[in-house]
Amino acid sequence: MSKWNILTKGFFKENPSLILVLGTCPTLAVTTSVNNAIGMGAATTFVLLMSNILISLLKNVIPDKVRIPCFIVIIATFVSMVDLLIQGFVPALSASLGVFIPLIVVNCIVLGRAEAFASKNGVWDSILDGLGMGIGFTISLILIATVREVLGAGAFMGHQFIPADYNILIFVLAPGAFIVYGFIMALVRHILNKVEAKRKAKCAVAK
Amino acid sequence: MEYILMIIGAVLVNNIILVQFLGICPFLGVSNKVSTALGMGMAVVFVMTLATLVTATLQKYVLLPFQITYLQTIVFILVIASLVQMVEIVLKKVSPPLYQALGVFLPLITTNCAVLGVAIKVTEQELIKGHGFSILDSTLYAVAVAIGFTLAIVIFAGLREQLELVDIPKGMKGVPIALITAGILAMAFMGFANLV
Numbered sequence: 000m001s002k003w004n005i006l007t008k009g010f011f012k013e014n015p016s017l018i019l020v021l022g023t024c025p026t027l028a029v030t031t032s033v034n035n036a037i038g039m040g041a042a043t044t045f046v047l048l049m050s051n052i053l054i055s056l057l058k059n060v061i062p063d064k065v066r067i068p069c070f071i072v073i074i075a076t077f078v079s080m081v082d083l084l085i086q087g088f089v090p091a092l093s094a095s096l097g098v099f100i101p102l103i104v105v106n107c108i109v110l111g112r113a114e115a116f117a118s119k120n121g122v123w124d125s126i127l128d129g130l131g132m133g134i135g136f137t138i139s140l141i142l143i144a145t146v147r148e149v150l151g152a153g154a155f156m157g158h159q160f161i162p163a164d165y166n167i168l169i170f171v172l173a174p175g176a177f178i179v180y181g182f183i184m185a186l187v188r189h190i191l192n193k194v195e196a197k198r199k200a201k202c203a204v205a206k
Numbered sequence: 000m001e002y003i004l005m006i007i008g009a010v011l012v013n014n015i016i017l018v019q020f021l022g023i024c025p026f027l028g029v030s031n032k033v034s035t036a037l038g039m040g041m042a043v044v045f046v047m048t049l050a051t052l053v054t055a056t057l058q059k060y061v062l063l064p065f066q067i068t069y070l071q072t073i074v075f076i077l078v079i080a081s082l083v084q085m086v087e088i089v090l091k092k093v094s095p096p097l098y099q100a101l102g103v104f105l106p107l108i109t110t111n112c113a114v115l116g117v118a119i120k121v122t123e124q125e126l127i128k129g130h131g132f133s134i135l136d137s138t139l140y141a142v143a144v145a146i147g148f149t150l151a152i153v154i155f156a157g158l159r160e161q162l163e164l165v166d167i168p169k170g171m172k173g174v175p176i177a178l179i180t181a182g183i184l185a186m187a188f189m190g191f192a193n194l195v
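Top line first, the protein sequences correspond to chains A and B.
At position 84 of the first sequence (counting the first as 1) the number is 83 in numbering that gives the first Met the number 0, and the numbers step up by one without a gap.
At position 27 of the second sequence (counting the first as 1) the number is 26 in numbering that gives the first Met the number 0, and the numbers step up by one without a gap.
To be clear, the hints were calculated from the coordinates, so they are not data collected in a lab.
Treat the hints with care, as some may be off.
As the list claims (entries may be wrong) - Chain B side only, calculated, beta carbon under 7 Å to chain A, not exhaustive:
1. VAL18
2. LEU21
3. ILE76
4. GLY116
5. ILE119
6. MET171
7. VAL174
8. GLY182
9. MET186
Unchecked claim - Here are the simulated lysine-lysine pairs, DSS-like style, with alpha carbons at most 30 Å apart:
10. LYS169/B / LYS201/A
11. LYS91/B / LYS64/A
12. LYS8/A / LYS197/A
13. LYS169/B / LYS12/A
14. LYS169/B / LYS193/A
15. LYS119/A / LYS2/A
Unchecked claim - Here's a subset of chain B near chain A, in silico, CB distances under 10 Å, partners left out:
16. TYR69
17. GLN71
18. LEU77
19. PRO168
All C-beta atoms, glycine included, are put in the ideal place defined by N, C-alpha and C.
Work out the full structure: start from the sequences and follow the hints.
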């Protein structure tokens, strides 16, 4: 696999939350506004990148039998750092994301990449993989948050452009999260199916 | 009375899955059949109660007195992970039938964010006004939350069994339609909003 492929596979083809259905809890919970989505995406990307780097460096030192607890300690360390940094520098974001920042520890994306990629590959590939997956996760969060914020609050990144009387409140509440996530996932899968079918048709013609 | 209100609040009004979005992975992953959903629910009740009892005790007698609450995330996740392992070993030895029923679900629970989420949540807010942080309240709250989890996952599994038979567009099959169903279920649970 080329370096470019390692980086970009997380964007669309193996998007963690839209295709692999990992990290669903934060995807549903923090997408009430685009600002929250960017904050959460950045925090998760940072943890993914740092834990991928450290785990790929330590992969020969960590005994195979206790690798999962080791991974969890490494991840939890970076999550605590991010948690304290956000509390210190952006208290408003910390208040609106709440318990979901410490919960990055149990986000299946981070542990999943550590187990599936960083523990088997070199540092540079792991950096690209962590960055790609983190960016893919952020893209999907922003996508869902945009739909929810525009329909539910009539705003984009906090700037209101639809009067409050015409907002569909259900989209910022819990049911809206499930429904928007479901429809966007269906749309992305539909597009991927179409692209795949077209590619196959082209191959058939070429033969 | 206040305990009853807290329990109703945790089970119905602030349902952990449908309102607070914790524990979505098992909610989507093991909800294909009612019987497995019930098994998962029971395992969560068991582990969540034990885990919250242990983490709340640690919080009260270790983290708070020594002022090392910034280590909370690391300590809690390690305690929960090792607790789940221990429960698995003890169950295997002491009660094989219970292990048969819950065994498969136990390893999955370590990465269930609901367990860690509840353990952190009970340390952050006063569950009953005027009580402060109390181990008894926290454990009771965990039991109630886990019952709410079981309730939601069992209802959802019942719906998904029916969904198997429906003819829907190809892109919608599987998780997307399940999410939309969950959205409608969440809408039903909003009806409990002003109960407490």
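Each hint, compared with the structure:
1. Annotation: interface hint on VAL18/B holds; nearest CB of chain A at approximately 5 Å, less than 7 Å.
2. Residue-level restraint check for LEU21/B holds (minimum Cβ-Cβ distance to chain A is 6 Å; threshold 7 Å).
3. Using the Cβ-Cβ criterion of 7 Å, the hint placing ILE76/B at the interface with chain A is satisfied: the shortest such distance is roughly 5 Å.
4. Given the 7 Å rule on beta carbons, the hint for GLY116/B holds: about 6 Å separates it from the nearest Cβ of chain A.
5. Annotation: ILE119/B was flagged as interfacial toward chain A, and the flag holds, the nearest CB pair being 5 Å apart, inside 7 Å.
6. Interface hint at MET171/B: satisfied, since its Cβ lies 5 Å from the closest Cβ of chain A, which is below the 7 Å cut-off.
7. With a least beta-carbon distance of about 5 Å to chain A, the hint placing VAL174/B at the interface is held under the 7 Å criterion.
8. For GLY182/B, the interface hint holds, since its Cβ comes within 7 Å of a Cβ in chain A; the closest pair sits about 3 Å apart.
9. Of the supplied interface hints, the one on MET186/B holds, with its beta-carbon coming within about 4 Å of a beta-carbon of chain A, less than 7 Å.
10. For a cut-off of 30 Å, the pair hint linking LYS169/B to LYS201/A stands: about 22 Å separates their Cα positions.
11. Under the criterion of a C-alpha separation no larger than 30 Å, the hint pairing LYS91/B with LYS64/A is consistent with the structure, at around 20 Å.
12. Distance hint between LYS8/A and LYS197/A is fulfilled; the C-alpha atoms sit about 19 Å from each other, no more than 30 Å.
13. Between LYS169/B and LYS12/A, the direct Cα distance comes to roughly 17 Å. Compliance with the 30 Å bound is thereby established for this hinted pair.
14. A distance of roughly 11 Å separates the Cα atoms of LYS169/B and LYS193/A; the hinted pair therefore holds under the 30 Å criterion.
15. Distance restraint check for LYS119/A and LYS2/A: the Cα-Cα separation of roughly 16 Å lies within the 30 Å cut-off, and the hinted pair is therefore satisfied.
16. A distance limit of 10 Å between C-beta atoms decides the matter here; for TYR69/B the minimum to chain A is near 6 Å, and the interface restraint holds.
17. This hint holds: GLN71/B has a C-beta 7 Å from the nearest C-beta of chain A, less than the 10 Å allowed.
18. Checking LEU77/B against chain A: minimum C-beta separation of about 7 Å stays under 10 Å; hint holds.
19. Given hint, PRO168/B at the interface with chain A, holds; its Cβ is 7 Å from that chain's nearest Cβ, closer than 10 Å.
Against the hints set out earlier in the document, no violation occurs for any number.
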